[in-house]
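With these hints in hand, go ahead and build the complete structure from the sequences.
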Amino acid sequence: KAGVTQTPRYLIKTRGQQVTLSCSPISGHRSVSWYQQTPGQGLQFLFEYFSETQRNKGNFPGRFSGRQFSNSRSEMNVSTLELGDSALYLCASSLEAISPLHFGNGTRLTVT
Amino acid sequence: QQQVKQSPQSLIVQKGGISIINCAYENTAFDYFPWYQQFPGKGPALLIAIRPDVSEKKEGRFTISFNKSAKQFSLHIMDSQPGDSATYFCAASMSDYKLSFGAGTTVTVRA
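Order-wise, the sequence lines are chains A and B. If you're matching positions, the first sequence starts at 1 in my numbering and goes up one per residue. If you're matching positions, the second sequence starts at 1001 in my numbering and goes up one per residue.
Bear in mind the hints are in silico, worked out from the structure with no lab data behind them. Warning: the hint list may mix true and false statements.
[To be verified] Some but not every residue of chain A turned toward chain B, in silico, with C-beta under 10 Å:
| no. | residue |
| --- | --- |
| 1 | Q6 |
| 2 | P8 |
| 3 | L11 |
| 4 | S33 |
| 5 | Q37 |
| 6 | Q44 |
| 7 | E48 |
| 8 | R55 |
| 9 | N56 |
| 10 | N105 |
[What the hints assert, rightly or not] Take a look, some chain B residues computed to stay more than 10 Å from chain A by CB distance:
| no. | residue |
| --- | --- |
| 11 | P1052 |
| 12 | E1059 |
| 13 | G1060 |
| 14 | M1078 |
| 15 | L1099 |
| 16 | S1100 |
Just so you know, even glycine gets a beta-carbon here, dropped at the ideal spot from N, CA and C.
Take a look at the structure:
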């Protein structure tokens, strides 16, 4: 069974631009979560979607948004990029409530 | 503010030795405590998890010990191998998918 797939693996953007990251969950998984990983702040929860509905949101500014499609694939968008948005963005999927999270290998975003 | 405090930040252990990583939490509503292992360039992978109704769980060389009254839990890696060299994260959640992670521990196993 294929794991969680994130594209692209690497991105370089300039301050002020916007970016869209993509995530394909494990087949059959309906929940998709996004996390930001940085050396300073560690792993921080961004948001979680289930059946196209956002159920949980972390403490990030409104520039960070996401959505989930009917096939459970998810996208995350960051607008008006700042230098501090440089991070590894991880997507994770799970079957449903109270089940293990399976992470992808992330998208490394560098903002210059 | 970090809801889960993890220590040590890094540790070095000889092959065959025991690695011990400790975590503490404040929120008594947490009811799920997983440990993740992450290699460079990879996403975290679930290693083992425990719920508060169990004091210990063992899977192969990995054991979680859980102390509900002290609000602490730890990971023991027995017979550490060079392949165990990685960063380990403890986490906690209220079964609402939102995992609060510790800061991570980099484990280096010397051959």
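Those earlier numbered hints the structure runs against, lowest number first: 2, 3, 15 and 16
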